[in-house]
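Once you've looked at the hints, dock chain A against the given chain S.
Chains S and A are the protein sequences, given in the same order. Residue 80 in numbering that gives the first Met the number 0 sits at position 81 of the first sequence, with consecutive numbering throughout. Residue 154 in numbering that gives the first Met the number 0 sits at position 155 of the second sequence, with consecutive numbering throughout.
Simulated from the structure, these hints should not be mistaken for lab results. Honestly, I wouldn't trust all of these hints.
Listed next, the in silico DMTMM-like pairs over lysine to aspartate or glutamate satisfying Cα-Cα at most 20 Å (straight line) [unchecked claim]:
hint: 1; chain 1: A; residue 1: K227; chain 2: S; residue 2: E48
hint: 2; chain 1: A; residue 1: K233; chain 2: A; residue 2: E161
hint: 3; chain 1: A; residue 1: K122; chain 2: A; residue 2: E81
hint: 4; chain 1: A; residue 1: K172; chain 2: A; residue 2: D226
hint: 5; chain 1: A; residue 1: K233; chain 2: S; residue 2: D126
hint: 6; chain 1: A; residue 1: K136; chain 2: A; residue 2: E87
hint: 7; chain 1: A; residue 1: K34; chain 2: A; residue 2: D96
hint: 8; chain 1: A; residue 1: K172; chain 2: A; residue 2: E135
hint: 9; chain 1: A; residue 1: K172; chain 2: A; residue 2: E128
hint: 10; chain 1: A; residue 1: K108; chain 2: A; residue 2: E128
hint: 11; chain 1: A; residue 1: K204; chain 2: A; residue 2: D170
hint: 12; chain 1: A; residue 1: K172; chain 2: A; residue 2: D202
hint: 13; chain 1: S; residue 1: K159; chain 2: S; residue 2: D126
hint: 14; chain 1: A; residue 1: K232; chain 2: A; residue 2: D269
hint: 15; chain 1: A; residue 1: K232; chain 2: A; residue 2: D205
hint: 16; chain 1: S; residue 1: K177; chain 2: A; residue 2: D205
hint: 17; chain 1: S; residue 1: K125; chain 2: A; residue 2: E286
hint: 18; chain 1: A; residue 1: K232; chain 2: S; residue 2: D123
hint: 19; chain 1: S; residue 1: K159; chain 2: A; residue 2: E286
hint: 20; chain 1: A; residue 1: K232; chain 2: S; residue 2: D126
hint: 21; chain 1: A; residue 1: K232; chain 2: A; residue 2: D270
What the simulated footprint calls covered on chain A by chain S, stretch by stretch (three residues with Cβ under 8 Å from a Cβ of chain S suffice, anywhere in the stretch; the number is not a length) [claimed, not checked]:
hint: 22; stretch: 217 to 224
hint: 23; stretch: 259 to 271
Cβ atoms here follow ideal geometry from the backbone N, Cα and C, with glycine treated the same way.
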Amino acid sequence: MRVEDFSDKKLSRIMVEINYDISLLYVIPCVYTRNLILNHLRDRIFMLEVAMEAISHPATLQPQPLHLQPADNSIVEPTTPKQPTTQPTTPKQPTTQPTTQPTTQPTTQGNQTTFTLQELARFDGKDGNLAYVAVNGTVYDVTNNATWAAATHFGLTAGKDLTNEFASCHAGQPILSKLRIVGKLV
Amino acid sequence: MSNASITCPEYRARLNTAASLVDTVKTQIRQGVFKKRNLVWLELTGCSGNIISLLDGSNPDFKYLISNMTHFIYNNSLSASEGQNAMEQLFSVLRSDYILAVEGAVATKNNGLYNIIGRFNGKPITALEAVKTLGEKAAHVIAIGACATHGGVSAARPNPAECVSVQSVLDRKVIKLPGCPCHPDWFMGTLAHILLYGEPKLDSKDRPLLFYSTLIHDRCPRRSYFDKGIFAKKLGDKGCMFKLGCRGPVTRTDCPVRQWNQYVNWPIEDDTPCIGCAQFGFPDSMEPFISYNTTREVRK
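The following block holds chain S by itself, in its conformation from the complex (with noise of 0.2 Å):
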């Protein structure tokens, strides 16, 4: 994300729908709307921390496959679901995991982290390992994806690569630039 990306105009209409979003607190009775609002709120808090993020270390920031439009979303008709911006269960990168198993580890190299079909397998949700899934050779995070509920999606599993699936029904969608990119299939 480039510091250009956030123009003042952005900034302030992100602005507008914290204040907004906060008046609306104080009046709303309903546990569900109240839930919906705080949700909107949290999604323009991060938006206003990748944004200073930008501005403060611009050089440094590689784009990423982050929404970061302040979308014309309203709050009666929520975006799709997000990942949430937390990850509490200190999910393990890639790089970053122990070597007892050097046949099904990734490989990096320079900023590439590349999956061979049997290193993605490992990679199914289940037993505290993440959940990935490859499409058209590039591996995504869907662990915290709502629509990946259990590491399963309408009858696929994490773990595999699901180009053709993917292909079928949600071709020409804007879905993958939603998920996180973790490195490539070879």
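For chain A alone, kept in the frame of chain S given last:
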């Protein structure tokens, strides 16, 4: 749930969508504006769960539906007549205007022989034949429950009777009310809307937006737990049941607000993950219903 939530106008409005539609019907009946229409409820390959669910309805109750709102022509579980008389009653409707409600999937193997719904003039009538005959001439067709809308449990693997949805055998618009079972309000509200204003607004999968517009996940009282990453590790934990396999994030219904059994409770409030019974592809696509190996941390 706190008392404060009851006063939320949005919450109240949601709860009363079916009731307010039905109240309008009641007013119009009193004023003599409203004309009752024939309703046929066909049960094909299923478990009768949807008619049982409808009997539990309270907005209005079933008695009002069959006596004041519609001429309830036929239902195989509830019909007083039987045999030839019942079948005559069913097919007599073909000569008039009627709304067709269908629950259960259509068995297609051996030209539908796996489900015979009755005998008419000595000839066995298959479910396939009945739904095709009645479906073509109906003013509206409403598919109720998982089996009728997309095959559901009846079409689950290995699907020995080769069950399919009602839409698969009818070349016309079929309003779909998925759910296993369908909530009485979803049906009553849709029917009242048809009686008053015609077909309700539908989404791309022909579900009425009145009831199927919002993801369970977006209205879940445990949504904050998901956002904070606090996950239940076993049933009974108060966190988000995402790691146990909750299908709320892929299922569109108003269960969190409307609730079940005359608005008493619903699965998540009772510590059970949503199994996605109102999502197309249920049950096969929604399995596993519960997983424990996704929540345990294994020391490596």
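Quick rundown of the hints versus the structure:
The straight-line distance between the Cα atoms of K227(A) and E48(S) is roughly 16 Å, inside the 20 Å bound, and the hint therefore holds. This hinted pair does not check out: K233(A) and E161(A) have alpha carbons roughly 37 Å apart, beyond 20 Å. This hinted pair checks out: K122(A) and E81(A) have alpha carbons roughly 15 Å apart, not beyond 20 Å. At roughly 39 Å between alpha-carbon atoms, K172(A) and D226(A) are farther apart than 20 Å, so this suggested pair is violated.
Taking the CA atoms of K233(A) and D126(S), the gap is near 14 Å; set against the 20 Å cutoff, the hint holds. Between the alpha carbons of K136(A) and E87(A) the distance comes to roughly 17 Å, so the proposed pair stays at or under 20 Å and holds. For the given pair, K34(A) sits about 12 Å from D96(A) by alpha-carbon distance, which is consistent with the 20 Å threshold. Under the criterion of a C-alpha separation no larger than 20 Å, the hint pairing K172(A) with E135(A) is consistent with the structure, at around 10 Å.
Straight-line distance between C-alpha atoms of K172(A) and E128(A) comes to about 18 Å, which keeps the hinted pair within the 20 Å bound. Using a Cα cut-off of 20 Å, the hinted pair K108(A) and E128(A) holds, with the two alpha carbons roughly 12 Å apart. At most 20 Å may separate the alpha-carbon atoms for a hinted pair to count; K204(A) and D170(A) meet this at roughly 15 Å. Restraint check for K172(A) and D202(A): satisfied, since their Cα atoms lie roughly 12 Å apart, inside the 20 Å limit.
Distance hint between K159(S) and D126(S) is fulfilled; the C-alpha atoms sit about 17 Å from each other, no more than 20 Å. For the given pair, K232(A) sits about 15 Å from D269(A) by alpha-carbon distance, which is consistent with the 20 Å threshold. Distance check on the hinted pair: K232(A) and D205(A) sit about 36 Å apart at the alpha-carbon level, beyond 20 Å; violated. Proposed proximity of K177(S) and D205(A) is contradicted: the alpha carbons are some 28 Å apart, above 20 Å.
A distance of roughly 15 Å separates the Cα atoms of K125(S) and E286(A); the hinted pair therefore holds under the 20 Å criterion. A threshold of 20 Å between alpha carbons decides the hint, and for K232(A) with D123(S) the separation of about 17 Å falls inside it, so the pair holds. Of the supplied pair hints, the one linking K159(S) and E286(A) holds, its CA atoms being roughly 17 Å apart against a limit of 20 Å. About 12 Å separates the Cα atoms of K232(A) and D126(S), which keeps this hinted pair within 20 Å; it holds.
In summary, the hint linking K232(A) to D270(A) is supported, as the alpha carbons are separated by about 12 Å, within the 20 Å threshold. Here the stretch 217 to 224 of chain A counts 6 residues with a CB under 8 Å from a CB of chain S, which clears the bar of 3, and the coverage holds. By the rule of at least three residues with a Cβ nearer than 8 Å to a Cβ of chain S, the coverage given for the stretch 259 to 271 of chain A is violated, with 0 such residues.
The structure fails to meet hints 2, 4, 15, 16, 23 from the earlier list, while all remaining hints are met.
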